[in-house]
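K.L.:
Based on the sequences and whatever the hints tell you, model everything.
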Amino acid sequence: MDGSISISNLEKVYGEGAERTKAIEDLSFDIEGGEFVSVVGPSGCGKSTLLYLIAGFLERSSGDISVDGTSVSAPGTDRGVVFQDYALFPWKTVKENVLYGLEEAGVDGEEADATAQRFIDMMDLDGFEGKYPKELSGGMKQRVALARTLAYDPKILLMDEPFGALDQPLREQLQDRLLDIWEDLGKTVVFITHDVEEAVYLSERVLIMTRHPGTKKDVTEVNLDHSQTREEVITSQAFTDTKNAVWKELREETKSEVEP
Amino acid sequence: MATSTLWEAERVPAPFDRVARFAFDWLPLLIVALLWSFVSGAIVPEAILPAPLAVGAKMWELIVTGTVLPHLFISLVRVFLGLALSVVVGVALGVGMAQSDRLEDFFDILLALTYPIPKTALVPLAILWLNVGTKTAVLIVFLACLLPIILNANNAAEDVDQNLLWSAKMMGTDGRRLLWKVVFPATIPEIMTGVRQAMPIAFIALVSAELIASNQGIGYLILTSGQLGNYPTMFANIVIISAVAFAAVRGFEELRERVIVWT
Numbered sequence: 000m001d002g003s004i005s006i007s008n009l010e011k012v013y014g015e016g017a018e019r020t021k022a023i024e025d026l027s028f029d030i031e032g033g034e035f036v037s038v039v040g041p042s043g044c045g046k047s048t049l050l051y052l053i054a055g056f057l058e059r060s061s062g063d064i065s066v067d068g069t070s071v072s073a074p075g076t077d078r079g080v081v082f083q084d085y086a087l088f089p090w091k092t093v094k095e096n097v098l099y100g101l102e103e104a105g106v107d108g109e110e111a112d113a114t115a116q117r118f119i120d121m122m123d124l125d126g127f128e129g130k131y132p133k134e135l136s137g138g139m140k141q142r143v144a145l146a147r148t149l150a151y152d153p154k155i156l157l158m159d160e161p162f163g164a165l166d167q168p169l170r171e172q173l174q175d176r177l178l179d180i181w182e183d184l185g186k187t188v189v190f191i192t193h194d195v196e197e198a199v200y201l202s203e204r205v206l207i208m209t210r211h212p213g214t215k216k217d218v219t220e221v222n223l224d225h226s227q228t229r230e231e232v233i234t235s236q237a238f239t240d241t242k243n244a245v246w247k248e249l250r251e252e253t254k255s256e257v258e259p
Numbered sequence: 000m001a002t003s004t005l006w007e008a009e010r011v012p013a014p015f016d017r018v019a020r021f022a023f024d025w026l027p028l029l030i031v032a033l034l035w036s037f038v039s040g041a042i043v044p045e046a047i048l049p050a051p052l053a054v055g056a057k058m059w060e061l062i063v064t065g066t067v068l069p070h071l072f073i074s075l076v077r078v079f080l081g082l083a084l085s086v087v088v089g090v091a092l093g094v095g096m097a098q099s100d101r102l103e104d105f106f107d108i109l110l111a112l113t114y115p116i117p118k119t120a121l122v123p124l125a126i127l128w129l130n131v132g133t134k135t136a137v138l139i140v141f142l143a144c145l146l147p148i149i150l151n152a153n154n155a156a157e158d159v160d161q162n163l164l165w166s167a168k169m170m171g172t173d174g175r176r177l178l179w180k181v182v183f184p185a186t187i188p189e190i191m192t193g194v195r196q197a198m199p200i201a202f203i204a205l206v207s208a209e210l211i212a213s214n215q216g217i218g219y220l221i222l223t224s225g226q227l228g229n230y231p232t233m234f235a236n237i238v239i240i241s242a243v244a245f246a247a248v249r250g251f252e253e254l255r256e257r258v259i260v261w262t
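Respectively, the protein sequence lines represent chains A and B. The letter at position 82 of the first sequence is residue 81 when you use numbering that gives the first Met the number 0, and the numbering goes up by one with no holes. The letter at position 204 of the second sequence is residue 203 when you use numbering that gives the first Met the number 0, and the numbering goes up by one with no holes.
Worth flagging that the hints you see were computed from the coordinates, not collected in a lab. Backbone N, C-alpha and C fix where the C-beta goes; we use that ideal spot for every residue, glycine too. It cannot be assumed that every hint is accurate.
Cross-link-like lysine-lysine pairs, in silico, DSS-like; alpha carbons within 27 Å at most [stated by the list, open to error]:
| # | chain 1 | residue 1 | chain 2 | residue 2 |
| --- | --- | --- | --- | --- |
| 1 | A | K130 | B | K168 |
| 2 | B | K168 | A | K133 |
| 3 | A | K21 | B | K168 |
| 4 | B | K168 | A | K94 |
| 5 | B | K180 | A | K133 |
| 6 | A | K94 | B | K180 |
| 7 | A | K130 | B | K180 |
| 8 | B | K134 | A | K91 |
Derived CB-CB ranges, DEER-like [as the list claims (entries may be wrong)]:
| # | chain 1 | residue 1 | chain 2 | residue 2 | range |
| --- | --- | --- | --- | --- | --- |
| 9 | A | D123 | B | D160 | 25 to 31 Å |
| 10 | B | L178 | A | E128 | 26 to 32 Å |
| 11 | B | P69 | A | G105 | 50 to 56 Å |
| 12 | A | D123 | B | D104 | 46 to 52 Å |
| 13 | B | E157 | A | K133 | 20 to 26 Å |
| 14 | B | D24 | A | Y13 | 50 to 56 Å |
Every beta carbon over 12 Å from chain A, so not counted as near; a handful from chain B, in silico [stated by the list, open to error]:
| # | residue |
| --- | --- |
| 15 | D16 |
| 16 | M169 |
| 17 | P188 |
P.N.:
Written as structure tokens, this is what we have:
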């Protein structure tokens, strides 16, 4: 059980009759356990819908999504989700937020406490355990959200434009932190973003989606050497070439958006 | 961002600022008292409109002799019971209606129709069912407070952030547990706002009910002293219940700040 995801002939339709819109059409895609995949596409291409379908928040209209060979029917602790707006429980402190998933899983007492503290420390949040989310900056809130999700140890991280609301330096910090976590903990990551640079920098593969209804346009393999520093990676030829290739494909889709 | 300001020491107002602020807040009340003093005697005979000082003296007398205290006590019990009952029923209904369309459809029209009814108009009817006394007063306070509390709880429960619910579901919370772990805590701030809004209504309803349907309580004292032409006592009781209601609301606001430290 390594956190692989298999999507076949997926279709999602919203509404009925005249209101009926197809958000996702005939999408098939496999993600290996431990893989880091980003999904990019023009706005309204259904990339968030895809993520919510994998999460089990939405019901698919047809086709199948399975995680480790089991068809997804509801949310569950084998997956963890990180939202752009953090979705922290405002009435809980940092520590209580991180403890939540553990308590729900029946872990409590010292064991839960130690695990929560480990992820709080990993996210450099020590000293902030007793703070409420409103007392934290956006970057810190997202680190709490990550700690909360990692604490209950899901095999798959589903991330919906998690760094979209942060400014550039913070976003870069959190990207590098996420890469470290991914390398250390071996999670499967599905990362939704509209930022091509972010997608290419982070992932092993980039899934490019077509504009409405969304389906797979292309998949780009990324081969970057992350043992290098961020500066070296970003300025490397491989990075630039891959970024340009993804950008061009995306551009074809967004260009057609101007048509009536 | 917001964090940086958190670590700055709060600006401590200079003593003079505080005094000035206090004086400013209470100035309108002072003006009303002065106008009242002027009108009483000069324009309206003092027998009908006793001067504030006379009312103040009467208040003092009512309090130190203890004559008002049993009535005040019974009034407070009634207002507390009515309000507490409306919070229990109102929150359950408001949150319940947000969870279940069937429940919402069932109550929707009833609530919309009964909202504009002045609940104090039901006192004569309530006397028929429950006789004169505490039960009637509690029922009227309960009915008067119920709708604002239902509405606040309902709005809050309908507006619970979808991502919070999804996050909790992802971590294994579902069904009724979701209600306790997420929906309810998320609605507490607005529930308390609803209670705060209902408090003055509760006192209005209380006094109205006691004026008609009681042998005890501040409303009863107001009525009987008025009927006997003892206007200083009547005014003194009106001021006492206003002051108590004011203190109750302020106290509750203080409590609210302490309970919902996270907002």
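K.L.:
Now tell me, hint by hint, if it's right for this structure.
P.N.:
The hints, checked one at a time:
1. Distance check on the hinted pair: K130/A and K168/B sit about 24 Å apart at the alpha-carbon level, within 27 Å; holds.
2. Simply put, K168/B and K133/A have alpha-carbon atoms about 23 Å apart, close enough for the 27 Å limit, and the pair holds.
3. Of the supplied pair hints, the one linking K21/A and K168/B holds, its CA atoms being roughly 26 Å apart against a limit of 27 Å.
4. This hinted pair checks out: K168/B and K94/A have alpha carbons roughly 19 Å apart, not beyond 27 Å.
5. With a C-alpha separation of about 19 Å, the suggested pairing of K180/B with K133/A holds against the 27 Å cut-off.
6. The straight-line distance between the Cα atoms of K94/A and K180/B is roughly 16 Å, inside the 27 Å bound, and the hint therefore holds.
7. Taking the CA atoms of K130/A and K180/B, the gap is about 19 Å. The hint holds against a cut of 27 Å.
8. For the proposed pair K134/B and K91/A, the alpha carbon gap of about 40 Å is over 27 Å, so the pair is violated.
9. As the Cβ distance of D123/A to D160/B is approximately 26 Å, the hint placing it in 25 to 31 Å holds.
10. For L178/B and E128/A, the hinted distance range of 26 to 32 Å is satisfied, since their beta carbons lie about 27 Å from each other.
11. Checked against the hint of 50 to 56 Å, the pair P69/B and G105/A passes, with Cβ atoms roughly 54 Å apart.
12. In this structure, D123/A and D104/B meet the distance hint of 46 to 52 Å, their C-beta atoms being roughly 50 Å apart.
13. At roughly 22 Å, the beta carbons of E157/B and K133/A sit within the given window of 20 to 26 Å.
14. Take D24/B and Y13/A: their Cβ atoms lie about 54 Å apart, and the range 50 to 56 Å holds.
15. Chain A leaves D16/B outside its interface by the beta-carbon criterion, the shortest separation being 27 Å against a cut-off of 12 Å.
16. Against chain A, the non-interface label of M169/B is violated: not every CB pair exceeds 12 Å, the least being about 4 Å.
17. Residue placement check: P188/B does not keep its beta carbon more than 12 Å from all beta carbons of chain A (closest about 9 Å).
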